[in-house]
Amino acid sequence: MKNLNEMREVYVAGIGLTQWGFFEQQECYDFGSEAIFKALADAEMGWNDIQAAFCGSVYQGTASGHQAIKEVGLTGIPVINVENACSSGSSSLRLAYLMVAAEIYDVVLALGMEKMPRGPIPSTAFRPWELASGFNIQVGNYALETVEYMRETGVTEEDLARVTVKNRKNGAMNPNARFQKPVSLEDVMASRMVAEPLRLLHCCPLADGAAAAVVCSKNKLKSLSRAVKIAASVITSGVYGDGMPAAGIASSLQFPPEVGILELSAQQAYQVSGYGPEDIDIVQGYDTTVPSELWGMEKLGFCKKGEAAGLLRDGKFDLDGDLPVNTDGGLMSRGHPLGATGLGQICELVTQLRDEAGARQVKKARVGLAHAMGAGPNSSVTILTR
Amino acid sequence: MKNLNEMREVYVAGIGLTQWGFFEQQECYDFGSEAIFKALADAEMGWNDIQAAFCGSVYQGTASGHQAIKEVGLTGIPVINVENACSSGSSSLRLAYLMVAAEIYDVVLALGMEKMPRGPIPSTAFRPWELASGFNIQVGNYALETVEYMRETGVTEEDLARVTVKNRKNGAMNPNARFQKPVSLEDVMASRMVAEPLRLLHCCPLADGAAAAVVCSKNKLKSLSRAVKIAASVITSGVYGDGMPAAGIASSLQFPPEVGILELSAQQAYQVSGYGPEDIDIVQGYDTTVPSELWGMEKLGFCKKGEAAGLLRDGKFDLDGDLPVNTDGGLMSRGHPLGATGLGQICELVTQLRDEAGARQVKKARVGLAHAMGAGPNSSVTILTR
Amino acid sequence: MGESNQQQVPLKEGFWTSGTPDGGPRLIGSRCTNCGEVYFPKKPKGWCLHCQQQTLEEILLSPRGRISAVTVVRQPPAGGFYHGPVPYAYGLVDLSDGLRLVSQITADDLDSIPVGGEAELVIKPLYQDPEGREIMTFMFTPVA
Amino acid sequence: MGESNQQQVPLKEGFWTSGTPDGGPRLIGSRCTNCGEVYFPKKPKGWCLHCQQQTLEEILLSPRGRISAVTVVRQPPAGGFYHGPVPYAYGLVDLSDGLRLVSQITADDLDSIPVGGEAELVIKPLYQDPEGREIMTFMFTPVA
Ligand SMILES: [Zn+2]
Ligand SMILES: [Zn+2]
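Chains as they are written, first to last, in our numbering: chain A, 3 to 388; chain B, 3 to 388; chain C, 156 to 299; chain D, 156 to 299.
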């Protein structure tokens with residue numbers, strides 16, 4: 003095995019993001035092809051430049067990436083559909099990145115897209131008896147993890163609500179987000195209880211949408227000044243003994259893990275990139291439910307366990323804070339088209355690192371980190387740098 | 003871009019194949035984990051040796067590979083689920099192969115598995131209006147391609163039936179096949195018409211099952227004498243103008259392609275491996291309907307267009323012929339668990355190249371080729387050598 | 156559109172024009188002003204897959220063509236997406252515009268549809284939906 | 156098994172033993188003879204995920220435990236897989252065998268299930284299937 007940082011540098015040359023929301027009249031491949039066209043234009047490339055494609059989605063049936071690509075070009079390239087729940091988009095990016103780093107290809111497309119089933123997210127990532135028993139990820143299992151987290155840290159329901167308020171405030175400046183209206187602390191606290199202690203406005207909405215990135219080697223870039231480097235792209239799966247609510251797994255009482263799945267993905271990303279939490283200027287966190295943004299920040303190493311809520315209260319994670327988190331509104335504002343979410347985060351990081359984020363632009367962002375996780379379980383961490 | 007043949011050699015260290023058939027009481031992860039355990043035992047390795055896993059399936063919902071792996075070990079490694087219709091298993095193999103060739107990992111698992119929906123194969127790889135119009139892959143679109151093929155080549159319904167007879171004869175010697183009973187030419191010709199000219203016994207049966215391969219670098223092999231080298235692992239997608247029945251695409255009258263999708267995948271596999279059709283000793287062909295085995299042999303370069311049926315009649319493709327095809331009975335005997343099919347072919351090639359195929363062992367097999375294709379469209383070609 | 160009193164709804168909007176006193180219905184496609192390639196259905200984004208340019212314009216396709224292949228499907232397709240009659244015939248129809256398309260072929264006798272023969276566009280009911288509406292689609296039918 | 160005349164069917168076979176005059180029902184799990192890890196449900200292949208060996212033996216789990224977390228789910232889970240009552244409580248139960256498991260928690264008042272409190276295994280109907288049979292499952296219930 004080589005170290006990935008001994009391989010060649012890999013860049014995001016172009017990004018493409020569709021409007022996210024509910025679009026009854028459009029099919030998944032409509033979103034997907036639109037994101038591809040946009041990413042190609044942004045990269046100043048044509049379809050014939052693309053040598054391979056990785057397409058992430060969850061609910062779209064067979065050959066879904068091909069369906070989107072069929073609207074753009076038919077050039078015989080390898081197209082591989084990737085499914086990794088809420089990290090499907092980040093998994094596509096990781097494969098594209100590895101292909102370019104290893105010099106197997108020079109220019110690769112990473113696509114994530116979804117037309118979501120309506121209502122809460124159905125999941126088959128459970129044993130049939132677990133599903134029949136009501137042990138379901140959205141939102142029961144997250145609720146259980148939140149109960150434990152609140153007991154261990156003293157985090158309150160109001161702390162949770164503050165995450166929603168921050169993210170919806172950011173989302174109000176994101177023209178691609180499903181929800182572009184801020185909410186107040188009172189709105190959140192008054193929303194209906196879904197599964198104690200999680201209320202409706204603690205849980206991200208769904209959405210349809212797509213996001214794409216053209217990934218390439220340095221010599222293929224049309225514009226070096228707008229390019230963003232992939233410093234790390236990591237995905238991990240379940241670690242023995244780790245309690246993984248998204249997968250319906252209770253932690254082992256006898257053999258708790260030394261390093262959990264999320265911490266492992268962060269460690270690997272810091273190791274390969276050479277950056278540490280102290281080097282990160284901006285974060286796209288995983289707020290599928292708002293408490294997971296808080297414990298995510300802790301497990302990613304930005305603060306100690308139980309400290310995230312206090313830092314949030316102090317404004318550290320605001321747009322103008324020391325470490326802005328979910329500058330595009332996060333899943334809470336964008337909505338959550340499962341296969342697209344990971345690459346949606348990448349689009350925001352690239353936009354911020356390029357200084358092209360308009361009203362929601364943060365100051366001096368040079369290194370950004372995105373984190374997603376989901377059923378399986380999996381955890382993905384990407385680090386980008388300008 | 004580097005040439006893949008400048009990278010390091012990649013081996014199949016172990017294979018695992020379950021019984022294929024219908025197993026109402028078992029879930030997909032039961033098949034999948036069984037195949038993993040068998041492949042690990044065959045490779046003389048443990049789960050802790052596996053550094054990454056690619057898991058092919060089509061109908062299993064989210065995080066399906068994780069579900070199988072959860073029965074074997076939880077070590078935090080990257081697990082990526084891959085969907086590429088009938089080439090899902092070959093796509094997993096290709097990714098595992100690339101990872102090892104490029105020295106990103108040393109030991110990688112490729113898994114393919116499926117618990118099939120009952121009845122003919124539903125496919126979402128079509129536009130909704132095409133599905134509503136009855137333009138469906140199994141078996142209408144294959145029937146249309148067969149009509150054209152028969153008109154252009156003079157191949158008869160009896161020629162088609164001979165493919166079934168050959169494959170079911172081979173399958174009778176394969177204890178893992180769904181159907182282990184030979185059929186006669188008369189049985190095939192008397193079976194009910196499904197879509198002219200295709201009869202029931204011209205069309206492969208479905209099945210549940212799984213297949214796995216442990217792929218690694220030379221220095222990680224426990225046994226060099228039983229190892230089989232991956233000389234090529236290629237996947238292509240649709241080529242402009244090519245009529246692609248599996249994808250419901252009619253050919254372009256004005257701009258027919260110079261090289262079709264299947265021929266392109268073969269060309270690439272020959273180029274990277276350094277082998278040509280004349281070097282191949284054994285073939286696992288794609289008999290999802292029996293005519294596709296015939297035109298497949300032609301498009302893979304083993305004979306000219308229209309010659310395959312004659313060579314079949316002359317016994318060339320029999321177990322004791324010059325170029326045995328579908329020695330394990332093919333899809334016609336094994337059945338077709340979509341995500342597993344590609345790796346099932348690999349298991350048979352490895353078994354034959356190792357001289358471990360028992361009653362159906364062919365003579366002096368040193369280089370083997372497997373071909374699958376499917377909705378998208380895609381076409382995959384793998385070349386293995388001892 | 157037809158003699159029945161039932162409400163008729165197209166399987167998909169924008170696939171064909173209705174017939175007029177001057178002529179029957181026509182399929183709506185796209186034609187590339189650069190390379191001449193023809194597509195059906197019309198590509199809404201105007202993007203030519205063949206020459207990779209934004210050069211498509213809308214055209215009405217020829218209502219006649221030649222049947223180049225046909226099959227009769229004798230079992231319902233899987234997946235529950237198809238609600239029309241079984242058996243049904245479908246095949247490849249070559250239009251003089253330079254386009255081969257997939258279409259259901261309607262005929263009194265499905266077993267004797269002449270391959271190589273001329274065929275004409277018709278708009279016919281495919282099935283009745285649960286609200287009792289007739290879902291209409293394009294088909295080709297052999298002509299003498 | 157119960158006082159009703161309805162046919163009762165377990166949600167899944169092999170999850171628990173029926174009660175006897177000497178004691179109530181018990182969950183069936185696996186215990187590793189090598190490392191001592193405990194699993195529920197029983198792992199049919201006998202494979203210990205923790206120490207990566209074929210070293211599991213079947214055991215009956217303790218019918219009592221401590222509720223370490225609980226939530227009340229107030230909307231039906233997505234996907235149509237769940238047919239039981241809504242709202243329902245479920246949580247984490249720590250058994251003295253050294254195992255934390257996920258289980259529905261049944262109680263007269265779902266809103267006052269004591270976290271940290273003792274709970275006991277019961278086998279209860281979860282829902283009635285279309286044939287009118289009661290589908291039974293394991294749950295834990297708080298004890299005083
Ligand atoms: Zn053109
Ligand atoms: Zn053990």
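Treat the hints with caution; some may be incorrect.
[Unchecked claim] On the chain B side, residues computed to face chain A include the following (Cβ under 8 Å):
#: 1; residue: 7
#: 2; residue: 83
#: 3; residue: 108
#: 4; residue: 130
#: 5; residue: 134
#: 6; residue: 225
#: 7; residue: 226
#: 8; residue: 241
These aren't lab readings, by the way, just hints derived from the structure by calculation.
Positions of the beta carbon are idealized from the N, C-alpha and C atoms, including for glycine.
Results of checking the hints against the structure:
With a least beta-carbon distance of about 12 Å to chain A, the hint placing residue 7(B) at the interface is violated under the 8 Å criterion. The criterion of a C-beta within 8 Å of any C-beta in chain A is met by residue 83(B), whose closest approach is roughly 4 Å, and the hint holds. Hint status for residue 108(B): holds, given a least beta-carbon distance of 5 Å to chain A, under 8 Å. With a cut of 8 Å, the hint placing residue 130(B) at the interface with chain A holds, because the nearest CB-to-CB distance is about 7 Å.
A distance limit of 8 Å between C-beta atoms decides the matter here; for residue 134(B) the minimum to chain A is near 13 Å, and the interface restraint is violated. A cut of 8 Å between beta carbons decides the hint on residue 225(B): the least distance to chain A is about 21 Å, and the hint is violated. Using the Cβ-Cβ criterion of 8 Å, the hint placing residue 226(B) at the interface with chain A is not satisfied: the shortest such distance is roughly 20 Å. Annotation: residue 241(B) was flagged as interfacial toward chain A, and the flag holds, the nearest CB pair being 4 Å apart, inside 8 Å.
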